[in-house]
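Can you build the whole structure from these sequences, using the hints too?
Taken in order, these protein sequences are the chains called A and B. Note that my numbering has the first sequence beginning at 1, numbered continuously upward. Note that my numbering has the second sequence beginning at 218, numbered continuously upward.
Hints are computed from structural coordinates only; laboratory data are not their basis. All residues carry an ideal CB built from backbone N, CA and C; glycine is no exception. Watch out, some of these pointers could steer you wrong.
Claimed, not checked - Between beta-carbon pairs, the in silico distance windows are:
(1) A:77 - B:291: 54 to 64 Å
(2) A:30 - B:226: 34 to 44 Å
(3) B:366 - A:65: 46 to 56 Å
(4) B:255 - A:71: 13 to 23 Å
Said to hold, decoys possible - Derived pair list, reagent style DSSO-like, types lysine-lysine, alpha-carbon separation capped at 30 Å:
(5) B:386 - A:98
(6) B:272 - A:212
(7) B:393 - A:212
Each chain is listed here by its residues.
There are 2 protein chains.
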Amino acid sequence: MAPGPIDKSQVPQATVPRLARYLRVLHRLESEGVPKVSSKELAERLDANAAQIRKDFSYFGEFGVRGVGYEVEYLIDQLSRCLGVSEKWKVIILGAGKLGSALARYRGFQEEGFDLVGVFDSSQRVVGLDIDGVTVRPERELAEFLKDNPVDIAILTVPGEVAQLVADKVIAGGVKGIVNFAPARLASVDGVFIRQVDLSTELMVVSFYLSKECSPR
Amino acid sequence: MAPGPIDKSQVPQATVPRLARYLRVLHRLESEGVPKVSSKELAERLDANAAQIRKDFSYFGEFGVRGVGYEVEYLIDQLSRCLGVSEKWKVIILGAGKLGSALARYRGFQEEGFDLVGVFDSSQRVVGLDIDGVTVRPERELAEFLKDNPVDIAILTVPGEVAQLVADKVIAGGVKGIVNFAPARLASVDGVFIRQVDLSTELMVVSFYLSKECSPR
DNA sequence: CAGTGTGAATTCATTCACAGCG
DNA sequence: CGCTGTGAATGAATTCACACTG
Chain A
1 MAPGPIDKSQ VPQATVPRLA RYLRVLHRLE SEGVPKVSSK ELAERLDANA
51 AQIRKDFSYF GEFGVRGVGY EVEYLIDQLS RCLGVSEKWK VIILGAGKLG
101 SALARYRGFQ EEGFDLVGVF DSSQRVVGLD IDGVTVRPER ELAEFLKDNP
151 VDIAILTVPG EVAQLVADKV IAGGVKGIVN FAPARLASVD GVFIRQVDLS
201 TELMVVSFYL SKECSPR
Chain B
218 MAPGPIDKSQ VPQATVPRLA RYLRVLHRLE SEGVPKVSSK ELAERLDANA
268 AQIRKDFSYF GEFGVRGVGY EVEYLIDQLS RCLGVSEKWK VIILGAGKLG
318 SALARYRGFQ EEGFDLVGVF DSSQRVVGLD IDGVTVRPER ELAEFLKDNP
368 VDIAILTVPG EVAQLVADKV IAGGVKGIVN FAPARLASVD GVFIRQVDLS
418 TELMVVSFYL SKECSPR
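This is the structure in structure tokens:
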């Protein structure tokens, strides 16, 4: 498989977040000094199906050695490249409330090729604050900032009512990817990838499975 | 359909988070004073497929009127009941770092039947702090707290290294649902529902779709 | 021979299309 | 008539099972 550049639209959508999880486990294995791993061992760590893991890899190439398994370091390199995390992405965070500043400090982002270059907020109360070395800027400077500093990805942690407004601004400024934590569906735009993350939905999913039955009426 | 209590294991897993999103849109419609809505109108608001929405509802009952549509208020009641959010769930948050306290303050949780009854942290630096009326308790008091105050759902916002440890403690204390924000897969336990939420995975998914191709080697 | 890579089989999810009802 | 509710058709994702290789 994979005799040349891969067409990403051929990769099942469900595969993509799994690749990220494989990568995390592999990093852990690497830090434990484990040199190689089989799909079966990976599957146990992830409680997943070994065939699923192999198939997921197969969309991108042949990364293993038959009868042996996968070399951890090599597999990390390959998956990182496939996921695009070996490139350096410029990221900004819109909204420096609790969630925004939690994300700004989150180490996982910085470690995986995401370079936080700005945090913006419209409230005077937080503008000027320093979050782990990044100063919170006033939102009215956003458009100008984007002119001078091309940004790839915007993380939206603004209130739902202004999410679409802010999204429009960053898209106008050339941002090509958005992770939206605001509880508001954003209008889709050609050439811009939008990922919706819904914290309260997660709680409701848990409550669904906890409430034992659902008697009608 | 649905002549009696519904068997939740019959409901497609993909349906559950969608119900939560339907509910949010319906609440918005309600606050706009809209009395009824068709599956087509809902679909437009959500950019989803109208048949999908009707089918999702059909797992739980017949909520609409043929030729007319759905009464907004009635539908909210029904879906809330199906999702279990009309029950009152006792929730604790483990880990009062930035993310934990962001979630503690998040209004959406409180509004939808989730009652935050405690926040715990192991660090002296945050124990005793007040987060919107809830005091951060020392984690060593967790087991005792759970004995006196039954808790349904635990939100884990602790570092990945201690996530399993903390999860074991809350499960021992009778918690039946966990939303885990720590980047660590938790061992599954019978009778305990665990939902993994992965913030850095979301960023990687975006980076995947942004990086235009993935040339091998 | 152990473990990958992958067609084929299966399961799960979405969408279509229309009968049936208010 | 218009819109729901739902079997049937399609499509996507997962799992099986085994040929193949180092």
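Exercise for review: State the violated hints by number, sorted upward, taking the hints as numbered earlier in the document.
Suggested key: 4
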